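Model the full structure from these sequences, guided by the hints.
Given next are the chains, with one letter for each unit.
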Amino acid sequence: MKTKDIVYIALFAALTAVLGLFPPITLPITGVPVTAQSLGPMLAGAILGARRGGLSIVLFLVLVALGLPLLSGGRGGFGVMIGVTGGFMFGWAISAFVIGLLIEKFWNSLNVVNAALSIAFGGIVVLYALGNAWVAVVAEISYWQATVGAAPFLIGDVIKVAIATAACLAVRRSYPLISKSA
Amino acid sequence: MIAGLYIKGNSALHRAQAGAKILAMVALGTGVFLIPDWPVVGLVLISVIALYRVCGFGWPVLAAQIKPVAWLLAIFFAVQLWLNDWQAGLLVITRIAAIVMFASLVTLTTKTSDMLASLERAMRPLKPVGVNPEKVSLAISMVLRFIPVIATVASEIRDAQRARGLDRSILAMIVPLIIRTLKMADDVADAIEARSFD
Numbered sequence: 001m002k003t004k005d006i007v008y009i010a011l012f013a014a015l016t017a018v019l020g021l022f023p024p025i026t027l028p029i030t031g032v033p034v035t036a037q038s039l040g041p042m043l044a045g046a047i048l049g050a051r052r053g054g055l056s057i058v059l060f061l062v063l064v065a066l067g068l069p070l071l072s073g074g075r076g077g078f079g080v081m082i083g084v085t086g087g088f089m090f091g092w093a094i095s096a097f098v099i100g101l102l103i104e105k106f107w108n109s110l111n112v113v114n115a116a117l118s119i120a121f122g123g124i125v126v127l128y129a130l131g132n133a134w135v136a137v138v139a140e141i142s143y144w145q146a147t148v149g150a151a152p153f154l155i156g157d158v159i160k161v162a163i164a165t166a167a168c169l170a171v172r173r174s175y176p177l178i179s180k181s182a
Numbered sequence: 001m002i003a004g005l006y007i008k009g010n011s012a013l014h015r016a017q018a019g020a021k022i023l024a025m026v027a028l029g030t031g032v033f034l035i036p037d038w039p040v041v042g043l044v045l046i047s048v049i050a051l052y053r054v055c056g057f058g059w060p061v062l063a064a065q066i067k068p069v070a071w072l073l074a075i076f077f078a079v080q081l082w083l084n085d086w087q088a089g090l091l092v093i094t095r096i097a098a099i100v101m102f103a104s105l106v107t108l109t110t111k112t113s114d115m116l117a118s119l120e121r122a123m124r125p126l127k128p129v130g131v132n133p134e135k136v137s138l139a140i141s142m143v144l145r146f147i148p149v150i151a152t153v154a155s156e157i158r159d160a161q162r163a164r165g166l167d168r169s170i171l172a173m174i175v176p177l178i179i180r181t182l183k184m185a186d187d188v189a190d191a192i193e194a195r196s197f198d
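Heads up: the protein sequence lines correspond to chains C and Z, in order. Sequence positions in the first sequence follow the UniProt record's numbering and run 1 to 182. Sequence positions in the second sequence follow the UniProt record's numbering and run 1 to 198.
These are computed hints drawn from the structure, not numbers from a lab. Please note: incorrect hints may appear among the correct ones.
Stated by the list, open to error - Capping the alpha-carbon separation at 27 Å, the derived lysine-lysine pairs in DSS-like fashion look like this:
| id | chain 1 | residue 1 | chain 2 | residue 2 |
| --- | --- | --- | --- | --- |
| 1 | Z | Lys-127 | Z | Lys-111 |
| 2 | C | Lys-4 | Z | Lys-183 |
| 3 | C | Lys-2 | Z | Lys-111 |
As the list claims (entries may be wrong) - Covered stretches of chain C, going by a simulated chain Z footprint (3 or more residues, C-beta under 8 Å):
| id | region |
| --- | --- |
| 4 | 6 to 15 |
| 5 | 53 to 63 |
| 6 | 74 to 87 |
Since the structure is predicted, the reported quantities are computational estimates derived from the model, not experimental observations. Glycine is no exception: its CB is placed at the ideal position from the N, C-alpha and C atoms.
Encoded structure:
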């Protein structure tokens, strides 16, 4: 791994931490809080690719586990990592990796549609599959019940997929970092 | 520098090895999942709460650890009450509370630097499979340095976009932020290589 890759990995771990500093927006009607932080894994995967993107989120999680309050709302430490939402924490790293894998695959013909679908698959389908499974085990409820419980959060995630897609395409035009078989 | 969540103290738990505390946490986490009786798990929870007192933490510290998951616990209890019975509900919430409280206690009683030192020790055997502890340490210290830099760049961009009437647009904020920091990352990488790291 080149020095430049390490710096990019550190950069997106830091960016994910900074995204946690933005105050959460509360959605009207449902009252579900939406934080900017989960944009981090989407951006890391879509801009750095699978390996570097996934590692940057792993690095971010290591720092949280070390006891730094980097999660939105100034949370951190092992309590949040292995608590109820633990599946989503570990899922972030996997989701960044999957997003990166798909974006790399479509890199030479990347457009709004396949970029958005890649980010939505990794950032919503894969992430919720892992997160809900964890919740189901911890709360002793069925997988289906956990999925229904998580549904209100989807609105925020759809918005984030749109933002990440636009950002990924803009960065691809001006500062491409994935050069797949170019 | 970002302050960790560590709270100063001189209890046995404060003095214990970080690695030992993490192992204890894993053992407790696994243990409470293997025990299917709520009174036993309840006793574990009470012991964990007692440990907070032993470490010299007052009720406010204890409450702050459980508060973020309190509403989830309430929901889980209600769901179990509806699906099964109150015993099942108590088992689920005492179990989660015990794990979260103990894990938080490990974080509260261990300095980030000690945690980092045991991480470095734990990584040493991984060297043959391509994990380079020096590079991981470099990456960790870079993240800590980048966070305030990115936050500063973000506030500069926010001011610039406000002048253009774009301060409500997240995209007008995030794209310049990524590109500017990527350029900075390239300079940092050049600087590291110029000093013969690697």
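For each hint, the structure was consulted:
| no. | hint | in the structure |
| --- | --- | --- |
| 1 | Lys-127/Z x Lys-111/Z | holds (25 Å) |
| 2 | Lys-4/C x Lys-183/Z | holds (11 Å) |
| 3 | Lys-2/C x Lys-111/Z | violated (31 Å) |
| 4 | 6 to 15 | holds (count 9) |
| 5 | 53 to 63 | holds (count 4) |
| 6 | 74 to 87 | holds (count 10) |
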